[in-house]
Amino acid sequence: MSDNSKQISTETANSIQIEAKAKRREARQLLLISTVSVLVFLCLWELAVRAGWIDSKYLCAPTMVVETFLQKLTDPKPDGAVLGVHIITSLRLVLVGYLTAVIIGVPLGLIMGYYHTFDKLVSPIFEIVRPIPPIAWIPLSIIWLGVGTTAKAFIIFLAAFVPCVINSYTGVKLTPVVYLNVAKTSGASNWEVFWTVSRNYAMPLAFTGIQVALGNAWSTLVASELLAATAGLGYMIQQGRSLVRPDVIIVGMLTIGVIGAILTTLLSKLENHVVKWRSRA
Amino acid sequence: MKKNQIKTRDMLLSALSILGLIAVWFLVSNSKPDFFPTPMATIERLIRLIEKPVMKISILGHVLASLKRVVLALIAAIILGVGIGLFMGWNKKVRAAINPILMALRPIPPIAWIPLIILLFGIGEFPKVLLVFIGAFFPIVMNTMSGVALVEDMYLKVGKIYKANTAQMLRHVVFPAAMPAILAGIKIAISSGWMVVVAAEMLSSKSGLGFLINRGRDSYDVALIMVAMILIGVVGALLSAVFTLIERKLCGWMSKE
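Residue numbers (the numbering used here), protein chains in the order written: chain A, 1 to 281; chain B, 282 to 538.
These are calculated hints, taken from the structure and not from any lab test. This one's a predicted model, so the numbers in the text were calculated from it and none came from an experiment. The beta-carbon is built from N, C-alpha and C at its ideal position, and this holds for glycine as well.
Below 25 Å or equal to it, Euclidean Cα-Cα: the simulated DSS-like pairs (lysine-lysine) are:
no., chain 1, residue 1, chain 2, residue 2
1, A, K173, B, K468
2, B, K284, A, K173
3, A, K173, B, K288
4, B, K438, A, K23
5, B, K374, B, K441
6, A, K23, B, K373
7, A, K23, B, K374
8, B, K283, A, K173
9, B, K373, A, K21
10, A, K23, B, K441
11, B, K283, A, K120
12, B, K284, A, K120
13, B, K284, A, K184
14, B, K283, A, K184
15, B, K288, A, K120
16, B, K374, A, K21
What the simulated footprint calls covered on chain B by chain A, stretch by stretch (three residues with Cβ under 8 Å from a Cβ of chain A suffice, anywhere in the stretch; the number is not a length):
no., region
17, 397-408
18, 476-488
19, 504-518
Required output: the full structure, derived from the provided sequences and hints.
This is how it looks when you write it as structure tokens:
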């Protein structure tokens with residue numbers, strides 16, 4: 001009897017092992033496919049430029065991109081600043097606009113979601129302003145606020161503000177009535193119900209909004225710098241265009257992409273920290 | 282009875298809020314009309330725009346010029362995005378081959394492509410459509426892929442039991458099941474595409490709503506800027522409203538109400 005069960009357990013162990021092995025083999029295979037695909041892509045790109053299928057004046061080879069990247073780390077030429085300065089300028093600008101949007105937008109959304117009268121008062125204005133893309137505000141904000149940091153931060157604020165408000169609002173609206181009733185029955189005041197039940201319930205969705213906002217803010221940053229700036233990553237690629245330096249443009253684009261991805265990753269790490277209760281559920 | 286009362290009260294509140302907005306606009310703009318045209322001046326400018334075309338293109342022509350760019354790019358993005366997304370979600374090897382490249386390109390905002398694309402393709406009609414395509418393609422392909430990858434196992438098993446081949450499986454099981462995710466992706470693509478077309482037109486164009494904004498800036502015609510902004514907002518809102526209707530038609534079975 002005990003022999004038999006032992007045999008069965010070794011059999012299951014074996015099959016689990018075999019399965020794990022197959023999985024590992026598959027993972028290795030997929031990794032190989034990915035690597036080959038990226039290499040083929042880069043080789044084709046390099047070849048296209050080297051062989052002259054695309055004029056090297058308008059597109060540069062990947063090796064050239066790496067070269068320019070290394071050069072831009074220390075050399076302010078040809079666009080006036082080293083890569084680090086561009087990055088810091090852009091990051092500072094984005095943080096100002098983005099943090100303002102989060103600090104104003106999330107509480108506004110939460111309150112709009114919870115207090116009906118306030119909702120009806122604010123929603124119409126919000127709905128009128130919402131569909132206008134932040135980029136369309138650029139000329140007006142330049143006329144009103146000048147070409148300084150304020151105008152650019154304002155554009156970024158607009159881009160980040162909308163998802164913060166909408167998601168916090170929806171989060172509160174989706175709070176199950178049962179939770180609200182339990183809190184009320186237990187004698188919680190209106191404010192207590194809002195703060196302890198609705199706000200907590202809305203947090204994960206609000207955080208999604210905060211994350212979307214970051215993406216919006218980062219891509220709008222480039223737009224506002226394309227139009228008026230003296231430094232920053234958007235300015236860098238714009239300069240690359242006027243100087244006909246595709247390598248500078250591509251280094252700028254990739255830097256924008258990488259930093260955007262890093263910011264998003266950092267924020268989702270933070271999310272796991274702040275809304276712990278959700279990951280357990 | 283009580284519900285009716287609440288409804289009237291809500292409508293009153295909304296009206297109050299919009300009136301308040303207009304009042305504030307009026308008060309602020311009255312002091313510096315050059316800087317910030319009054320609501321009346323803006324409406325007057327709109328009427329003048331309807332009567333007198335800019336660059337020999339009527340206002341409707343500008344709206345249509347922008348819309349044409351967006352629609353062309355959207356059609357291309359839907360065909361390519363849904364197609365590639367389906368295969369990426371269905372076949373792990375295809376996904377492994379394409380995903381790294383997409384992942385590297387995706388975080389680059391569409392607007393950051395503007396300088397490179399102008400360098401490569403000039404400032405004609407094609408580069409603008411291409412830019413909108415870039416803005417629309419990624420949300421569609423990503424949503425289709427995850428929609429397909431998340432199709433419930435049970436549906437696939439039912440398909441297998443009925444001996445569906447790959448084409449039938451994709452057509453009758455996977456595609457409908459992934460439909461809500463695909464439509465959600467298209468919805469994001471529409472608003473992102475609308476934003477990109479305005480940006481592209483603001484940088485270089487001779488028609489379209491983004492061009493009107495620029496025209497207003499260059500000739501310091503703030504009322505024209507505001508008219509163009511309002512039109513951009515209205516058309517953008519209409520686009521997403523129309524799409525919501527289409528969405529309901531296409532997968533009404535999804536909505537819970």
